[in-house]
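Undergrad: Listed below are the residues making up each chain.
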Amino acid sequence: MSEIALVQNPNVGLDKTQKGGPYVNELSTLNLGPTHPATHGIFQNILTMDGETIVDAEQTVGYIHRAFEKIAERRPFYQITTLTDRMNYCSAPINNMGWHMTVEKLLGIEVPKRAQYMRVIMMELARLTDHIVCNSILAVDTGALTGFLYVYQWREFIYEIYEEMCGARLTTNMGRFGGMERDFTPVAIEKIQKLLKELPAALKEFEGMVMRNRIFMDRTQNVGGISAERALNYGFTGPNLRAAGVDYDVRAMNPYSSYEDFEFDVPVGTKGDTYDRFLVREEEMWQSLRIIQQAMDNLPAGPYHADAPHYYLPEKQDVYHNMEALIYHFKIVMGEIDAPVGEVYHSVEGGNGELGFYLVSDGGRTPYRLKFRRPGFIYYQAFPEMIKGTSLSDAIVTMSSMNVIAGELDT
Amino acid sequence: MENQQITDALVAQFGADAVYGIGESHGILQVTTTVESIVPMIHFLYAHPTFKFQFLTDLAGIHFPDAKGQELGVIYHLHSLENNVRLWIKAYAPIEAPHFPTITDLYAAANWMEREAFDFYGIIFDGHPNLTRILNMDEMDYHPMRKEYPLEDATRHDKIDELFGR
Numbered sequence: 001m002s003e004i005a006l007v008q009n010p011n012v013g014l015d016k017t018q019k020g021g022p023y024v025n026e027l028s029t030l031n032l033g034p035t036h037p038a039t040h041g042i043f044q045n046i047l048t049m050d051g052e053t054i055v056d057a058e059q060t061v062g063y064i065h066r067a068f069e070k071i072a073e074r075r076p077f078y079q080i081t082t083l084t085d086r087m088n089y090c091s092a093p094i095n096n097m098g099w100h101m102t103v104e105k106l107l108g109i110e111v112p113k114r115a116q117y118m119r120v121i122m123m124e125l126a127r128l129t130d131h132i133v134c135n136s137i138l139a140v141d142t143g144a145l146t147g148f149l150y151v152y153q154w155r156e157f158i159y160e161i162y163e164e165m166c167g168a169r170l171t172t173n174m175g176r177f178g179g180m181e182r183d184f185t186p187v188a189i190e191k192i193q194k195l196l197k198e199l200p201a202a203l204k205e206f207e208g209m210v211m212r213n214r215i216f217m218d219r220t221q222n223v224g225g226i227s228a229e230r231a232l233n234y235g236f237t238g239p240n241l242r243a244a245g246v247d248y249d250v251r252a253m254n255p256y257s258s259y260e261d262f263e264f265d266v267p268v269g270t271k272g273d274t275y276d277r278f279l280v281r282e283e284e285m286w287q288s289l290r291i292i293q294q295a296m297d298n299l300p301a302g303p304y305h306a307d308a309p310h311y312y313l314p315e316k317q318d319v320y321h322n323m324e325a326l327i328y329h330f331k332i333v334m335g336e337i338d339a340p341v342g343e344v345y346h347s348v349e350g351g352n353g354e355l356g357f358y359l360v361s362d363g364g365r366t367p368y369r370l371k372f373r374r375p376g377f378i379y380y381q382a383f384p385e386m387i388k389g390t391s392l393s394d395a396i397v398t399m400s401s402m403n404v405i406a407g408e409l410d411t
Numbered sequence: 001m002e003n004q005q006i007t008d009a010l011v012a013q014f015g016a017d018a019v020y021g022i023g024e025s026h027g028i029l030q031v032t033t034t035v036e037s038i039v040p041m042i043h044f045l046y047a048h049p050t051f052k053f054q055f056l057t058d059l060a061g062i063h064f065p066d067a068k069g070q071e072l073g074v075i076y077h078l079h080s081l082e083n084n085v086r087l088w089i090k091a092y093a094p095i096e097a098p099h100f101p102t103i104t105d106l107y108a109a110a111n112w113m114e115r116e117a118f119d120f121y122g123i124i125f126d127g128h129p130n131l132t133r134i135l136n137m138d139e140m141d142y143h144p145m146r147k148e149y150p151l152e153d154a155t156r157h158d159k160i161d162e163l164f165g166r
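So the protein lines, in turn, are chains S and E.
If you number the first sequence the way my numbering does, the last residue is 411 and the count never jumps.
If you number the second sequence the way my numbering does, the last residue is 166 and the count never jumps.
One chain only, chain E, in its complex shape:
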């Protein structure tokens, strides 16, 4: 199964508006899609007779503060164990309303992965059965992996970014 086959099938099914940013990174195919197309696309890939992306390897949140209107992203790492092909599906949403659909009904594994992305990035997965913090304490009032939260103590002057070229 070639990567080209997958992208052709995706474009044929969802149109070029919903399948863009097609690329390959060290052999792993990646496509970007819209938030609305995530669930139909993952269902399509799951049920496809030859692709069979039935294993959810991981789900990663990401924050790009400079990408206006597309600040928060989710990367779905799918794996077709039968064909041994991996695929990343990316989608972005504005930080003011970071709503993504849940895929817990398809993959039970997505439950904690989505909770983790919510915990660290504040990404809201609509329809998730129990969207609460998982690794941080419940009382926390911010989402620590967002880029505006610095790691170092802001009062220290020996670790300012300039000294380290950051």
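Only chain S is shown next, with the shape it has when bound in the complex:
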């Protein structure tokens, strides 16, 4: 072989650290997203790769920014509910009810016990759908499609319960200020009982298929880990924080909507890696079922909404036959009711963590300022740190297990 040929085809096994060698400092750029089937949402990551290894990632977000905070400044309070369920659309009822509770706090409305229990049931159902989606899709991302098919029908079934409660499936607009818009129908109760009876078997089957699966464990253990200190510093909340070993759960720490009445455990992980996040979400589903069971068993009788005529729409029958009801109906629908001056922060445990609403009211009909604390927006910024030094396939799995939802991130 001549000398020239050697220069043109350098030895592949050359020492990489050798200065001036053909492969030294040769980094490539890879675009992951904005639309990519494996990112489950519209995010762009510009990865700097050294061969298969990720050296750095630059994130771009905001592709589906819809200016919710600005729009909210022009809307009466009840019209903002429809904005909230477009944030984390995997667990829309939690967003709706978090917003309702924020406004109730500002107005000082006392919600009856039955409505609080009903809210707990709907919120836990929402948590179930959120975790079913996240965990089963995580399994899909590691190459196991079957488990997904087993549990996904139950998400569909929970959507049927939503439909029974509010008429919608994805963007639910469920509940009203002061309670729920309607009581549980017999069909809804029947469906919730069926879910409580039959979901555990499906969940067990899913866990049997995935949880101790050698391939799944190899793909997720020690992948995308984060320490408890870093997670807290990055503002992690929810299952992602608990996987790192911090037992912060808004439901347990600052109970709202009668969560103090229920017995449930807060599962925590140890390493904060993808496998721990998966396990924490699995256990949370069992705890959600436990809470729903307790709430169904002890569902108090009584009204399902507060007596708050300025904010709660009157019965349609009354609107036609009762003067006051007609006036209130008109005023509510036209958004003509002034809220008191005040400033309030309320947070609930959303599917992904602490979902907060910071509301400043200047006494007008619309919020003066409304800030959504979206857990996904805050913890997603840790993603580059979590994937540095891992491979592309690990990055996909890490992102999937963080459950980043584009709607929540971008408002």
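Keep in mind the hints are simulated off the structure, nothing from the lab.
Note that the structure is predicted; figures quoted are calculated from it, not measured.
One or more of the hints may lead you astray.
With a straight-line cut-off of 20 Å between C-alpha atoms, the simulated EDC-like cross-links for lysine to aspartate or glutamate are [to be verified]:
#, chain 1, residue 1, chain 2, residue 2
1, E, K147, S, E73
2, E, K68, S, D247
3, E, K147, S, D362
4, E, K52, S, D247
Given chain S, work out where chain E should sit, using these hints.
TA: Chain E only, in chain S's frame:
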């Protein structure tokens, strides 16, 4: 840990000139401070042996066009997970020079929160590692959450404020 304890400690440390507007809103303590005192105050609360405000829940910008010289504000939502106490620290700056110090060196979470406040309100966080727009496009030449930017199309007459009592 009582809210009174926190305010007493803050006043003792920073003086009444830098700690004012003390109040409580639905159980959450709030204090207003000067722009210069933000960083020392947050560091003090972070490192304090009993308070331990080591979790930054959120950071919100706000715009009051009528407050002359104090138009733009930042509200820091701190949380002491150990004591389960929340605290709002507020500070205001004039709109002509809305400079605030960054707290990204203390909380990594503040990075995107500050970028968001910059994006929507034009609040400049001095010392931020990468203060660029985050949710809006880079070409945008205004800060949309400021009150002078109306949401509705200005040419429409069916949605004028008067009709809605706004």
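Undergrad: The structure should be examined with respect to each hint, and the outcome stated for every one.
TA: Quick rundown of the hints versus the structure:
| no. | hint | in the structure |
| --- | --- | --- |
| 1 | E:K147 - S:E73 | holds, 10 Å |
| 2 | E:K68 - S:D247 | violated, 44 Å |
| 3 | E:K147 - S:D362 | holds, 14 Å |
| 4 | E:K52 - S:D247 | holds, 17 Å |
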